[in-house]
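Trainee: We have chain A; now place chains B and C onto it with these hints.
Chains as they are written, first to last, in this note's numbering: chain A, 1 to 377; chain B, 378 to 754; chain C, 755 to 1131.
Watch out, some of these pointers could steer you wrong.
What the hints assert, rightly or not - Derived Cβ-Cβ restraints for the label pairs, each shown as a range:
(1) K728/B / Q32/A: 52 to 60 Å
(2) D974/C / E140/A: 45 to 53 Å
(3) P217/A / P455/B: 31 to 39 Å
(4) A1109/C / D597/B: 44 to 52 Å
(5) F1016/C / R75/A: 27 to 35 Å
(6) G582/B / R344/A: 53 to 61 Å
(7) A1108/C / D391/B: 28 to 36 Å
(8) G980/C / G44/A: 31 to 39 Å
(9) G44/A / W684/B: 46 to 54 Å
(10) Q533/B / R1111/C: 43 to 51 Å
(11) P832/C / A640/B: 53 to 61 Å
The set of hints was computed from the structure by calculation and includes no laboratory data.
Beta carbons: idealized from backbone N, C-alpha and C, even for Gly.
What follows is each chain in one-letter form.
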Amino acid sequence: MTSASPARADSRADLPRLGLRNFWYPAAKSSQVGRKPLAVKLLGEEIMLLRESGELHALHNRCPHRGIPLTAGKRHFPGTISCMYHGWTFNMQGECVEALNEGPDSQLPGKVRVRSYPVQEINGIAWIYMGDGAPSPIAEQVPAEVLDTRNIVHCQTEVWNCSWMPAVENLMDSHDVFVHRSSIFFLFRKLPCWMNVAATELPDGKGVDFKYSKMGPVQDTYKRVGRWPRHGWWRQTKINSPKPGEYPTTELRLPCVVRVGFATLMFVRYMVPVDENHVRAFLLTSRHAPGLSGITYRLYYHLWASWSLLKYFIGQDRVVFETQDYWAPERLASTDVGLVKWRRLVATVAKKEAADRQTVQAGTNRVTEQAEALADL
Amino acid sequence: MTSASPARADSRADLPRLGLRNFWYPAAKSSQVGRKPLAVKLLGEEIMLLRESGELHALHNRCPHRGIPLTAGKRHFPGTISCMYHGWTFNMQGECVEALNEGPDSQLPGKVRVRSYPVQEINGIAWIYMGDGAPSPIAEQVPAEVLDTRNIVHCQTEVWNCSWMPAVENLMDSHDVFVHRSSIFFLFRKLPCWMNVAATELPDGKGVDFKYSKMGPVQDTYKRVGRWPRHGWWRQTKINSPKPGEYPTTELRLPCVVRVGFATLMFVRYMVPVDENHVRAFLLTSRHAPGLSGITYRLYYHLWASWSLLKYFIGQDRVVFETQDYWAPERLASTDVGLVKWRRLVATVAKKEAADRQTVQAGTNRVTEQAEALADL
Amino acid sequence: MTSASPARADSRADLPRLGLRNFWYPAAKSSQVGRKPLAVKLLGEEIMLLRESGELHALHNRCPHRGIPLTAGKRHFPGTISCMYHGWTFNMQGECVEALNEGPDSQLPGKVRVRSYPVQEINGIAWIYMGDGAPSPIAEQVPAEVLDTRNIVHCQTEVWNCSWMPAVENLMDSHDVFVHRSSIFFLFRKLPCWMNVAATELPDGKGVDFKYSKMGPVQDTYKRVGRWPRHGWWRQTKINSPKPGEYPTTELRLPCVVRVGFATLMFVRYMVPVDENHVRAFLLTSRHAPGLSGITYRLYYHLWASWSLLKYFIGQDRVVFETQDYWAPERLASTDVGLVKWRRLVATVAKKEAADRQTVQAGTNRVTEQAEALADL
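So here's chain A without its partners, still in its complex pose (with noise of 0.2 Å):
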């Protein structure tokens, strides 16, 4: 479904369906994860995320021997989870450290492992990273204000039929004048009913910046339609919206971050990847709001934004994302110049997991060989 010019070639071709790799996500809520294991489904791949003495733990989803959910296991032994098949025992770090099946002289522990996932929970979220080689510090990947731990981070989690792909391409292109028109945040507010668009990527070459380089008037007049908005007196308020520079920060981050800072309130949208057709949403707030502070924050985020913004405005994102066909045939223009730096991003930096991983896997299937010639009888 790409376009049929042989002269360009489609820029979401190279765009990675499952996610970039190498860098650390969320994957769940802290309250979501207890000693009963949680299964979820990031990047394509199966992972069970569960704690042990109040640690937080991510293994692949899936005995090496016959392919069972360790989800669906039991915790028989401090820091170990058994397969419900056949007893197959690991423990955090995803050693098999007994096959009860075999008895106390198995050969196996030792030289059976699942695939453990560095992990770590900051602010109550359950961040994991799922790349090849040592991860990044997480402070180099993962915006600061959701790390801060004097920060008040709350979270909502949502699945949104569609691709991660459209889910964080829609940052600053305009779409707010027609997609959020009706949202309460704009309905008395005056609202441009166009803008220009500039984008630059970020300093550290992360994400890409983005600016209205010029916004039009609350009404315009287009020469063969006519005034438009065609109404909109109850938006003559004295309640502006920001002008070009009061946005403190609306960038896209790699590997797949909205981040939109409005005054001391920073909003950080993920879209993690679950399938080819799914993306699992981590709504982010984060404010500095010590002492008292806080409980009037906390009350505005309860009693307002949580519904107001994520809910509503977001919800009216999530609409049009789950009626797009992102695969039909395309034609970008000048409100689109930020996409398509995000996407030479995002291509450029999955190109290069790829030219890494070939590496990386040449080195795991000598590891498999091993195995294998171990398990033949």
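Mentor: Chains B and C alone, transformed into the frame defined by chain A:
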């Protein structure tokens, strides 16, 4: 699942699974289409139907920008529809007349368009042409009786769970004896128990004419199983089934028309492909009944024909098509002579269409290249 | 999804996903098949079972003419079934005896047939042979105890959402210790906590015999996790689990039979492929219990075994199979020695069947050519 025979090609293989293209098709009943856009799927494509100042229009139902269905858009200005995502505004010819999000100085108008389709509204039915090039006059393709505005034309539509191909392939192939034996229409008639089929291509080359060249008695004796039907005294009435020659018309017509005339009443069934596994049946009836006879005919239609013939009788065919495994190996026999001629005709037209389409698409590619270069920033 | 190792083939790759062909399979319980045709799917094929004068018959469930299921047809004449679409009438051997729609002089009878399958009805079970060529005597393929008419044979059937392959691959692989630990059967018995598996091909080459060559105690001490099971005082009863050698029979038999004998009671589980993702389990039990002991045994079966063993105990296996991702990478170990031998046996037989089938199909093609030439008008 096609026949394994290397010596003969399977005659189904050359049929177009999404239908022939260069023909007028019924798209909807007029009454379904208003100012609010209607989304329909025809020949595998998404179409938007809508009405402007009483006149009907049809556009491809995807905004060329980012793949949003235009039917989800809003009609801000007379004679236009605006995409819900970024306000690209198209007139009824599919031309982008304003890109609202880019402001009054946008360069997009005149450079972007969505495909529009010729439509005509006749006798309460919306007809569409989705083929390549300019359409033939509708009167050359659609049976005269459904276009004649002096006639009373009724229309019922249903979507069936089968391909369009089997849904036209059973005309006059002797299935009536078995499928419709229990119908109210045949229950008290002298239904022959077998028949021979003769078929000839129509003089205009646009279809196949079917006749029963010979009909058996109401009950006959078969060597190996005895008398059949086994019981049927209640059929020994004086109401005869039509004899050979009494049907003025029994035709299959391009692109997917089952046309059966009985005295002065014409049944014209269009089996319009939706996708490979669904067909939208347009069950049309037409009669010239001026003056008072029109009242009588309307009573006959609504009180009798609309359910006994269109719901019940045609419903028996529908059960067959939805039960049939069309792609199972088949063994055609003497009563399929018309089916074979029909398939050959369709395959010939499909082959010609495919050849013509290649020429058209070579041209389209050049247009796409120019448009993409323009969008590139 | 197979192992990435280039050095060793994945032993699952050579298994036939729709089962071995040249074997007798149970198709239904006798009580399910009457004069009204029964549609079943076996080994990926649609089959019609029906009864004529008390005798069982099986035909391929598609009319060779236009792909209608014969089970939708009518039984107008003794010993025949007629297709609902055009009245082609087949006898119980699958021969077209009349094409009612072509009249008494039709040339089709004797030239068209639908495939019929050998069937036998023994002890309340309908057996079918869907293989190539003439079947072996059923007594050479089906365990004697389910054919012996002096025995009391019961049968339960269920369709499971898994392939047939995993559903036979867990016999005596030590999973009982984990999967069935909580079963009523094992709850108060001295269940060993681990075991070694030994397996040998059966002398007749038709299966694999399994033994536990060594069994651990009820509770044992593992170096890294301590005592296991952690609790189990209620198992310290005097009811022993059977010791090595006490099972007279624990076999996997071709084509898909799990055969377990316990004293004089035989459990014979046929896992009949439906399609690649479904299997129909025939849970057979057989016991020689003449005279009054038959009454006692029937009480035992209906009041105890039918639910505690067949529903509950086997139900625990079913949960495993339906949870398992059979095609995930696997790592076989010492307790899978029997599984490996079983797979090798199945793969060998499947390879031979495939070679034989090519010869048979070369012949079929010539028949098809003649039939199509005849149908060509």
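Trainee: Take the hints in turn and mark each one as holding or not.
Mentor: Against the structure, the hints:
no. : hint                         : in the structure
1   : K728/B / Q32/A: 52 to 60 Å   : holds, 59 Å
2   : D974/C / E140/A: 45 to 53 Å  : holds, 48 Å
3   : P217/A / P455/B: 31 to 39 Å  : violated, 23 Å
4   : A1109/C / D597/B: 44 to 52 Å : holds, 49 Å
5   : F1016/C / R75/A: 27 to 35 Å  : holds, 33 Å
6   : G582/B / R344/A: 53 to 61 Å  : holds, 55 Å
7   : A1108/C / D391/B: 28 to 36 Å : holds, 32 Å
8   : G980/C / G44/A: 31 to 39 Å   : holds, 38 Å
9   : G44/A / W684/B: 46 to 54 Å   : holds, 52 Å
10  : Q533/B / R1111/C: 43 to 51 Å : holds, 49 Å
11  : P832/C / A640/B: 53 to 61 Å  : violated, 42 Å
Taken one by one, the earlier hints fail for this structure at numbers 3 and 11, listed in ascending order.
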